[in-house]
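Visitor: Here are the chains, one letter per residue:
There are 2 protein chains.
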Amino acid sequence: MKAEIISVGTELLLGQIVDTNAAYLSARLPEIGVSLYHRSTVGDNRDRLKEAINKALLRSQIVFTIGGIGPTPDDITKESVAEVLGQELVVHQETVKKLRDFFTKISVPMTDNNLKQALVPAKGRVLENPMGTAPGSVFFTNDNKYVIVMPGPPKEFIFMYENAILPFLKEIYPEKLVFESRVLRIFGMGESTVAHELGSLLDGENPTVAPYVGDGDVTLRICARAENKINAVEKIDNLQEKIKRILGNAIYSFENKSLAQTVVDICRIKNIKIAFAESCTGGLVSKKITDVAGSSEIFIGGAVTYSNEMKVKMLGVSEKKLVDFGAVSKEVAIEMAVGMKILTNSHISLSITGIAGPDGGTEKKPIGLVYMAVAYKDKIKDFKFTFNGDRDGIRLRASLNAIDIVRKVVLEEF
Amino acid sequence: MKAEIISVGTELLLGQIVDTNAAYLSARLPEIGVSLYHRSTVGDNRDRLKEAINKALLRSQIVFTIGGIGPTPDDITKESVAEVLGQELVVHQETVKKLRDFFTKISVPMTDNNLKQALVPAKGRVLENPMGTAPGSVFFTNDNKYVIVMPGPPKEFIFMYENAILPFLKEIYPEKLVFESRVLRIFGMGESTVAHELGSLLDGENPTVAPYVGDGDVTLRICARAENKINAVEKIDNLQEKIKRILGNAIYSFENKSLAQTVVDICRIKNIKIAFAESCTGGLVSKKITDVAGSSEIFIGGAVTYSNEMKVKMLGVSEKKLVDFGAVSKEVAIEMAVGMKILTNSHISLSITGIAGPDGGTEKKPIGLVYMAVAYKDKIKDFKFTFNGDRDGIRLRASLNAIDIVRKVVLEEF
Numbered sequence: 039m040k041a042e043i044i045s046v047g048t049e050l051l052l053g054q055i056v057d058t059n060a061a062y063l064s065a066r067l068p069e070i071g072v073s074l075y076h077r078s079t080v081g082d083n084r085d086r087l088k089e090a091i092n093k094a095l096l097r098s099q100i101v102f103t104i105g106g107i108g109p110t111p112d113d114i115t116k117e118s119v120a121e122v123l124g125q126e127l128v129v130h131q132e133t134v135k136k137l138r139d140f141f142t143k144i145s146v147p148m149t150d151n152n153l154k155q156a157l158v159p160a161k162g163r164v165l166e167n168p169m170g171t172a173p174g175s176v177f178f179t180n181d182n183k184y185v186i187v188m189p190g191p192p193k194e195f196i197f198m199y200e201n202a203i204l205p206f207l208k209e210i211y212p213e214k215l216v217f218e219s220r221v222l223r224i225f226g227m228g229e230s231t232v233a234h235e236l237g238s239l240l241d242g243e244n245p246t247v248a249p250y251v252g253d254g255d256v257t258l259r260i261c262a263r264a265e266n267k268i269n270a271v272e273k274i275d276n277l278q279e280k281i282k283r284i285l286g287n288a289i290y291s292f293e294n295k296s297l298a299q300t301v302v303d304i305c306r307i308k309n310i311k312i313a314f315a316e317s318c319t320g321g322l323v324s325k326k327i328t329d330v331a332g333s334s335e336i337f338i339g340g341a342v343t344y345s346n347e348m349k350v351k352m353l354g355v356s357e358k359k360l361v362d363f364g365a366v367s368k369e370v371a372i373e374m375a376v377g378m379k380i381l382t383n384s385h386i387s388l389s390i391t392g393i394a395g396p397d398g399g400t401e402k403k404p405i406g407l408v409y410m411a412v413a414y415k416d417k418i419k420d421f422k423f424t425f426n427g428d429r430d431g432i433r434l435r436a437s438l439n440a441i442d443i444v445r446k447v448v449l450e451e452f
Numbered sequence: 039m040k041a042e043i044i045s046v047g048t049e050l051l052l053g054q055i056v057d058t059n060a061a062y063l064s065a066r067l068p069e070i071g072v073s074l075y076h077r078s079t080v081g082d083n084r085d086r087l088k089e090a091i092n093k094a095l096l097r098s099q100i101v102f103t104i105g106g107i108g109p110t111p112d113d114i115t116k117e118s119v120a121e122v123l124g125q126e127l128v129v130h131q132e133t134v135k136k137l138r139d140f141f142t143k144i145s146v147p148m149t150d151n152n153l154k155q156a157l158v159p160a161k162g163r164v165l166e167n168p169m170g171t172a173p174g175s176v177f178f179t180n181d182n183k184y185v186i187v188m189p190g191p192p193k194e195f196i197f198m199y200e201n202a203i204l205p206f207l208k209e210i211y212p213e214k215l216v217f218e219s220r221v222l223r224i225f226g227m228g229e230s231t232v233a234h235e236l237g238s239l240l241d242g243e244n245p246t247v248a249p250y251v252g253d254g255d256v257t258l259r260i261c262a263r264a265e266n267k268i269n270a271v272e273k274i275d276n277l278q279e280k281i282k283r284i285l286g287n288a289i290y291s292f293e294n295k296s297l298a299q300t301v302v303d304i305c306r307i308k309n310i311k312i313a314f315a316e317s318c319t320g321g322l323v324s325k326k327i328t329d330v331a332g333s334s335e336i337f338i339g340g341a342v343t344y345s346n347e348m349k350v351k352m353l354g355v356s357e358k359k360l361v362d363f364g365a366v367s368k369e370v371a372i373e374m375a376v377g378m379k380i381l382t383n384s385h386i387s388l389s390i391t392g393i394a395g396p397d398g399g400t401e402k403k404p405i406g407l408v409y410m411a412v413a414y415k416d417k418i419k420d421f422k423f424t425f426n427g428d429r430d431g432i433r434l435r436a437s438l439n440a441i442d443i444v445r446k447v448v449l450e451e452f
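Same order as they appear, the protein sequences are chains A and B. Take the first sequence: its position 304, counting from 1, is numbered 342 in this note's numbering, and each next residue is one higher. Take the second sequence: its position 248, counting from 1, is numbered 286 in this note's numbering, and each next residue is one higher.
Since the hints were derived computationally from the structure, they do not count as laboratory data. Keep in mind that the hints are not guaranteed to be accurate.
For identical chains, the list gives no copy identity; a pair is met inside one copy or between any two copies.
Listed next, the in silico DSSO-like pairs over lysine-lysine satisfying Cα-Cα at most 27 Å (straight line) [said to hold, decoys possible]: (1) 311 <-> 351; (2) 351 <-> 308; (3) 282 <-> 351; (4) 161 <-> 183; (5) 351 <-> 415; (6) 93 <-> 183; (7) 88 <-> 183; (8) 280 <-> 135.
The shape of chain A in the complex, shown without the other chains (with noise of 0.2 Å):
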């Protein structure tokens, strides 16, 4: 079955946002034996939106859209779907009532243009939004090809790729193979390092796999099809025991999650409560571990001490070796993770002080610098990294260290 995808929006052909969603569903449907020959972007025009609409339909048997279903004049997907195809768009009112409730409990007046979002077509299906205000759909042709009309925002669009498209398209999908993935996450080696190790299984046919640069870390999706579930499955874990005794504990999760997702989980499980003593990163550990739903049970609180003051105040760091040796040094690392353990009583805290840039480098300190420490039990190790990039890129790398430390030591020492 071959598809195409068109992404709408003036905002996408003026650069101001670089077009993720297309990129996910590209990587998406081969998953499930979809093809993919074309993409393209057009802006909020209806005159090209429908020619590349009619287009694509001579070339494929599904179509994607992607964006323009909002509430401003400027949102014309659905209407020249509709025109294209000859058909008629009707009032969801489901929708509307959704749209009311919104309105109703953030207590702002619903305008009449929010309305729009709630046509859909009148031969078709509604795609649920939970994410958003305005619904998904697909417009069913009267050949037998689809043209399906997602949101631009990306929160919304993955969660309808992911709990209406997925369904749909296996529902429509005439084969009778079963595909599953599953996605492994790798922390502290690179892409190019991760491809390497694997050496040949990267050939591989069935199962495929590859390995996908994350957000800081390395994703690994691998990917089979069988004639049914348990032997997809199959391929699967045996292609997973060959990769886990090449990559060993690097492997942090066999279920795309987090890091501070896993961290959170091991935690809980062993009833481990855990607490941040923050410098360069700033806040963005205690951000990263709350992000994830439950956190509260392990995570007991974060001190940002981002001046000297703070450390000293906070945290107990004495001001002769802030003078003697710096607040980025092995030594205030230390004294700042047994301050924020005694402190907050947790069995494991950790601390990071380190130079984020752009300035406040020196020769002997330089930006990227960083020094960690980590307290539990009656023990400290400390650890100091050289990080590459910029101001964010630091940040990044040390919160994601800081927490796939606490993620060993809760392994090995609990």
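Starting from the known structure of chain A, arrange chain B on it as the hints suggest.
Guide: Positioned in the frame of chain A, the structure of chain B alone reads:
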């Protein structure tokens, strides 16, 4: 002048990489008055690529291709362009020499396939690529159109745009008009409300103005063209005045700065030190402030008091208030802000306590309920919000509102 972009590469269609080049080029072309109406992506397939080039040349005067000019057999862009135009490729001796020098330098024998990179149009121009091995090229068509062939690696791509393509475009561009644009950022109003308030101002043709959904805020891009820069800027200024009268201080930046950057900047100017005591946002506010380089001058520190115990220990919140009113209450928010102000001796301390979900909501205190308090001088103000959305959304909105409260306090009270 009309242009379009064709991105070439099966790795794009498989979603293995996100097409940041196309977004970059899309953002740059309007600056010099080149209009972009189409963007498309094709795989490493000669027929489909030739079809795409043909179609693009029917619609546009300039066609950019990105990618597919390396040494491997699936690099077919130049060959395909030459076939479409019925033109020859010739060997570029300078490039051959550069390639030989390069391989000598890295002490690797040069395989013959590398010479493919030295093929350039017989009728056209060679674009140097000091960041890589494959040069770019401009094909001249018989009807005064141009196919500009660019490399895929983003570093090479951007360097070539800046240093070779931009001068070339200015050389061939007949129009004498100047284009200017400016981005305003707005907080506390949704996209549809902004659109509604601005009404017919959005319909203007010169300047144009368009609202976009940002990350929790709304951006407004104004673009104007005129005979010279002064007149274009004047047009933007005039429209901006009208917008300002309607949206007031919901506009927080006229320079496309983030909310956190805006707050850091005004605090630096007024020499105001700030601190945050966070519960449900778990460090996100501190993280956003410390994302900004130079924030250490104004940010003293943060307390992430996720547990009740930490609210008592770090901030001196009274246990009685926690029992009587609960952690998520106006009373506790006020004690957190006051405690943080005393601990840090900051000019402004802001506290946040709420229920981010997905668990922990009750009928009286639903998910999304967030209290904040801000302590400054000898004053206290408190705020109650009910945010919609999932955990991430609630935390994001809470953190942005917290930063916006600080912005308003600094503007109005210092």
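Visitor: Taking the hints in turn, state whether each one holds.
Guide: Results of checking the hints against the structure:
1. 311 <-> 351: So residue 311 and residue 351 pass the 27 Å test inside a copy (23 Å) and across (16 Å) alike.
2. 351 <-> 308: Classified as between: cross-chain Cα gap 25 Å, same-chain 32 Å, threshold 27 Å.
3. 282 <-> 351: neither (45 Å within a copy, 44 Å between copies)
4. 161 <-> 183: within (12 Å within a copy, 44 Å between copies)
5. 351 <-> 415: both (24 Å within a copy, 21 Å between copies)
6. 93 <-> 183: both (13 Å within a copy, 24 Å between copies)
7. 88 <-> 183: both (16 Å within a copy, 26 Å between copies)
8. 280 <-> 135: neither (52 Å within a copy, 35 Å between copies)
Hints 3, 8 from the earlier list are contradicted by this structure; the remaining hints agree with it.
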